[in-house]
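Once you've looked at the hints, dock chain B against the given chain A.
Chains A and B, in that order, are what the protein sequence lines are. Counting from 1 along the first sequence, just add 100 to a position and that's the residue number in the working numbering. Counting from 1 along the second sequence, just add 1048 to a position and that's the residue number in the working numbering.
What the hints contain is simulated information worked out from the structure, not anything from laboratory work. Possibly wrong hints are sitting among the right ones.
[As the list claims (entries may be wrong)] Computed list of lysine to any residue pairs in SDA-like fashion (alpha-carbon distance at most 25 Å, straight line):
#1 A/K1192 <-> B/D1052
#2 B/K1200 <-> A/K139
#3 B/K1194 <-> A/L124
#4 B/K1194 <-> A/K820
#5 A/K941 <-> B/L1090
#6 A/K941 <-> B/T1095
#7 A/K813 <-> B/S1096
#8 A/K941 <-> B/S1096
#9 A/K1182 <-> B/T1060
#10 A/K994 <-> B/T1095
#11 A/K820 <-> B/R1092
#12 A/K1182 <-> B/D1052
#13 A/K145 <-> B/E1197
#14 A/K994 <-> B/L1089
#15 B/K1162 <-> A/S146
#16 A/K145 <-> B/R1123
#17 A/K820 <-> B/S1093
#18 B/K1190 <-> A/A121
#19 A/K145 <-> B/R1116
#20 A/K1192 <-> B/R1109
#21 B/K1200 <-> A/S146
#22 B/K1200 <-> A/K718
#23 A/K820 <-> B/L1090
#24 A/K941 <-> B/L1100
#25 A/K813 <-> B/G1094
#26 B/K1194 <-> A/H114
#27 A/K941 <-> B/D1052
#28 B/K1190 <-> A/K718
#29 A/K822 <-> B/V1097
#30 A/K941 <-> B/S1098
#31 B/K1190 <-> A/H114
#32 A/K941 <-> B/Q1101
#33 B/K1194 <-> A/A121
#34 A/K941 <-> B/V1097
#35 B/K1162 <-> B/E1148
#36 A/K718 <-> B/D1052
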Amino acid sequence: MPGKLKVKIVAGRHLPVMDRASDLTDAFVEVKFGNTTFKTDVYPKSLNPQWNSEWFKFEVDDEELQDEPLQITVLDHDTYSANDAIGKVYIDIDPLLYSEAATVISGWFPIYDTIHGIRGEINVVVKVDLFNDLNRFRQSSCGVKFFCTTSIPKCYRAVIIHGFVEELVVNEDPEYQWIDRIRTPRASNEARQRLISLMSGELQRKIGLKVLEMRGNAVVGYLQCFDLEGESGLVVRAIGTVCTLDKLSNTSAFLPACNSPSKEMKEIPFNEDPNPNTHSSGPSTPLKNQTYSFSPSKSYSRQSSSSDTDLSLTPKTAPSPQGPRIFLFPSSPTLSCDSPHLKKSCLLLSGSALNPLHSSHVSPVVLRKSVSFTEELLLAASGMGSGSAGKEGGPFKTLLRQQTQSALEQREFPFFTLTTFPPGFLVHVGGVVSARSVKLLDRIHNPDEPETRDAWWAEIRQEIKSHAKALGCHAVVGYSESTSICEEVCILSASGTAAVLNPRFLQDGTVEGCLEQRLSWQPGFFSIGSEKGEVDFFPQSQDSSSLLGIEEASPPGCGFCHIPYDELNMPFPAHLTYCYNCRKQKVPDVLFTTIDLPVEAIVIGKGCLIQARLCRLKKKAQAEANATSISNLLPFMEYEVHTQLMNKLKLRGMNALFGLRIQITVGENMLMGLASATGVYLAALPTPGGIQIAGKTPNDGTYEQHISHMQKKINDTIAKNKELYEINPPELPEEIIGSPIPEPRQRSRLLRSQSESSDEVTELDLSHGKKDAFVLEIDDTDAMEDVHSLLTDAPPPSGFYSCNTEIMPGISNWTPEIQMFTAVRVSRLGNINLTNQTLNKNFNDLCENLLKSLYFKLRSMVPCCLCHVNFTVALPEDELVQIAVTAVAITFDKNQTLQANKAPTEKSQQRASTDNEEQLQFPLELCPDPLASQPSLPAKEVLEGATSQTGIPAAQRDRCNSWIELIKLKAQTIRRGSIKTTASLDKTSPLAEGYLRHRSVPSCTNSTVSVVKMTPLSFLPGAKITKYLGIINMFFIRETTSLREEGGVSGFLHAFIAEVFAMVRAHVAALGGNAVVSYIMKQCVFMENPNKNQAQCLINVSGDAVIFVRESELEMLPVQPSTVVSQPTSSGGDVTT
Amino acid sequence: MTSDLDIFVGNTTLIDEEVYQLWLDGYTVSEAVSRRLRGGLLERSGTSVSVLQSDTRDHFRTFQMLERLLHSPPRLCQQLLFQIPPPRQAALIQGYYAFEPALARELLGKKLSKGTKKELDEVSARTGLSLRACRRQFDNFKRVFKAVEELKGPLAELIQQHFLLPPPLARDYAAIVFFANSRFETGKRRLQFLSFGDLAACAQHMMGHWTQGAMTPEAAEPDGDVPRSFLQDLKELKVLVSDKDLLDQHKSLVCSALRGKISVYNEMETNFKALSRALVNVGLKLPHPRDVRDFFVDLVEKVLDPCRSDHWSLGDLRLFLGSYTTAPRALGGFRHQLLWERYMAGISACLLRMYHE
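Next comes chain A alone, as it looks inside the complex (with noise of 0.2 Å):
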């Protein structure tokens, strides 16, 4: 029994009528948690209840207090008649449930009725009092912290990060259950809302659980989707990334000490330390226990006898006489500030004379058309990274590899579903990796095994797995899943970037060999564990120091582009050079990621968002011919849609794709595939070649002339587009990174032919290696509408930008408005006898026009950038299409820009301030100073804090923190209430002057409805977050029968979308937030029948519910209390605005 939980309501307003002849209410409150009910009095005759209750207290299990949500409905009292319902709250209590975050909850929500929509408000309060549960085999999770960011929170450092966490739990979905066909669609509706709130809440504490297993503290990049199935149930699924994370403020402000590790890791110069005496070989040992296990994937069947003697060779040169040598080199000469905090290192292992090592081969595309439906279709999208080791880089990549797979493989998926990391992590990026699978829904039988699930979803991961792999990757980063379901076909995707990372970060795997110290579980594991890593590899900094010279050349702002393979056995044709930023290592020609650009890549000029969109009809069908039509069509969508995104990067002059997501939507009578991307130009890659067009028939006089006037074109608009983007690469000497080209390529080829005999890869060639332009042979009219198209996507209006990442490459200094928004549009496809090229074509113009209407709609904003443009298509029906976007735009200021561009060198420290904070924050722990004696002192208490493992100090330190916190809370709330009325007036004085300042607009701030902002980033621009007050995760049903009576379609999906930002902004003001970050839409399933004046939308979001202060009231600081002032770095990240 280990939960209180306490309620009190306090009053309505603006109540509806609910008695006609009296014009007014009689209202009271139920309030309802698991089983127990509690009643306030009626209230009578009113619109602006006063209830003032008492404390209504249910006394719970804190894994009911983590599944249930508390539920709140308030009624019409009638003394003849039954009830009326007026609406609910849904209360989350679970950002109660840990310390860090909200100690109460209270303030004004909206009361909502599925039928009706926001009908009046109502405020609560709503406390918890927890005791902690020290019971190992315990069911409940609380305390394991959740974020939907999907980098590491800004106010917390990462300790750990462990890996991929996932879990599903299915269930009927009451919409189909038989008593649907008796009950009201309000009392189906709630029931459909209650139902997937436990499940995520059941499914957030299974997770948690998962959590405590890994010994983590929290889960970053949570993700969680519901698959509605229809008949077969109900399917809440969730991925996240489990850290150990270790909160700044806390340990800047309890433990001045920990800062002292950087400091005299400063001062210890590693790899100048000439002290040979701590030379040892210390970790040959877990290096040779190593397994090498690269267990032969399915789908490479072909390819695997060839690997899997590479590999027998592999482990015998690895503990070699010498021993792996590892060196430390101080990086990121964009870090190159005065802080002392700043220094940066890297791990790199090397060891000598290694055979290049790789685990598969892949082709850049293997289909595997399925006859049976279960069979799934794979795609390894990953051909658009390419290249080779270097000649020094091989060996050292290797041992690396080795290394980290070590710690990797022991995990059954290595996926990160984070797409920012911290400088260092990330070492190389291999390339898309993705899978997809067309299943037949069946009735899920047993809810609590949902086996048939999870084996879907291990299936594709696996796959996922085993592509990374043949990429010479052993890690999955940026790593995402989704499906589309479509009657009773499911397609399942998942997908990733290939790629090599630092280990040092994921500590808990090169600890793994250390028996002992996992089998005694201590609360001070981690330290212990951390620290002997760092002993580990400490003594090998020395003797690498040698090796100093040659890799220093390579600075980390391109080494996520050299290729993580190798370049002798490429995994499929592709085109490399030399670095053109390094000139050591290889990089490939064009570059596909689905994470964000690392802050410390080099870019040239600006970014922007690239989209590719196609659709396909499919006949109608049934079960499995049905999927398999889906499946026969799948590997020709994505072969060109990634066809399509590659001529529009080439049109656009760049070589470098962040952040892909390609979604493929499944309809009754089509598929349709939309990719949207943010396209870059990374100063390591080669200069993309232009687009030759080729015709087939060349002998036709003024087919010819066609032909070089589109050539012209389309030479005009890549000039243009260089002109806009302002991409204008270094010249450089073409001798210098011409020759090597050719020799690696023909080799490739050699090996390739030898360990395959497929001509499926010249088929489907998506790299297109081809030397300089890209030739596009015009052999039919399908390929002339297809230039077409290119020509006809239309770039920004001037002033405007726009990306699908956190942050527009080349653009730094962002102005604090933002404007997040939702758009939903739905078109019908009219006539029956559509083609292909007709449908493309209306699907383009209809995204085309989506943005086109965007831009115009916030023309006021200019100059301004549209991050995080997020577009969902569904295929609600037969000829419907519908096209949801969310994104913000933020406003930049365009002087600073010009001014900033000239500097490519400050280019990483032009990111986001609040991103500075974590530069300057992270490298504390990154290197602390083995030899120090207490370094990790501070981090054990902490962690302590956080497992809440140790009981009653924990417990204490716990009320410490949430008393510090409330004096926080409540300084910030006072500043945010002033500066607000200062705002308002300095904006009402251009209005006619003086006519209403002085009167209304006081009294309209008097109200007090604190401004809450919302934003798909995971920072707000100008402001710090100081703190996270929990995961916001929300889901509503909105129905009408009386669709015309509320404006129609449009009128009532605008008033319900504006309802759900309503009520995410009141949950969050409730927490005493005032932002909500790294939002997402992630569902938005509308259905409508005018014929019946009928609509139902059902809605689902999330995010990470913030406090955040204004940088430039930060700067005012020294006045609040100590502890909000020893966030110290916070000055430096001042400078960049």
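Using the frame of chain A, we list chain B on its own:
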């Protein structure tokens, strides 16, 4: 490919002031689109007509949803559905409650009833405003009228409080409510030269000088009406014109005070008795509801017209009214000094405002 559904929802509600004005002016979506096109928006922003249509529809939909809240502005400030920065809220309210003076002039003194609402199409034709805009403005008048009908205290401040209007606008509304309460006749052709501004100023002067709120701040009666007690007391002023001695004394006092000071001294001297009678009689008619409606007609016909025909300047009138008001202080038999000055202060202010040379 037609778009069935097309919406845009911002976390901060986007409001385009130009489109808001078009909506307030009562245009339909297609009319508004063509107006925006004429404004050259297409050329400036390089977009297409369909984009403009979708944008206009979206804004209009937002305004329709906001309209319900605009009916009670404090709710607009408290509601959670639309996140609008306070200055924007104030601008929205001000825009919604702004009215066309020509329309208000037409409606002054009329009962704010359904009957009047039905006549709005004529008003619309006369003023050139769209019927929709007329209806909205009429409904605003009626809503404000209803809201303060039963309340006590200074009218303009009450309105400001309940509708969060800027003070000058609130004062105009107070005048409209005052007229709607007292039902002065203003529609006569003779009065057409008076603008809404003139009449509103008169109403403010009358409220300022005559109502309860003017005397004691914590008034017991609503300000929209002139208190009955005051009106009843006005009967006492009859003596100034009925008693021949008093009238003669009054005249000589005024004449001696003004000799050489005004350019129309002779005309004033000959007309004094007629003017004085007219000024007092206006007051005597005030307590009778049926005669009240002639208030402005009387002032114009019996006071201002004679002055105008004699070419009085505004300064002359001011000097005359000044000494005419203060002279009775020296009248031995006159005991209602305070009442007289309170009455004359209101009348003088009205006359000076209404006198167009």
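*Structure versus earlier hints, numbers of those that do not hold, lowest first*: 2, 4, 15, 22, 28, 29
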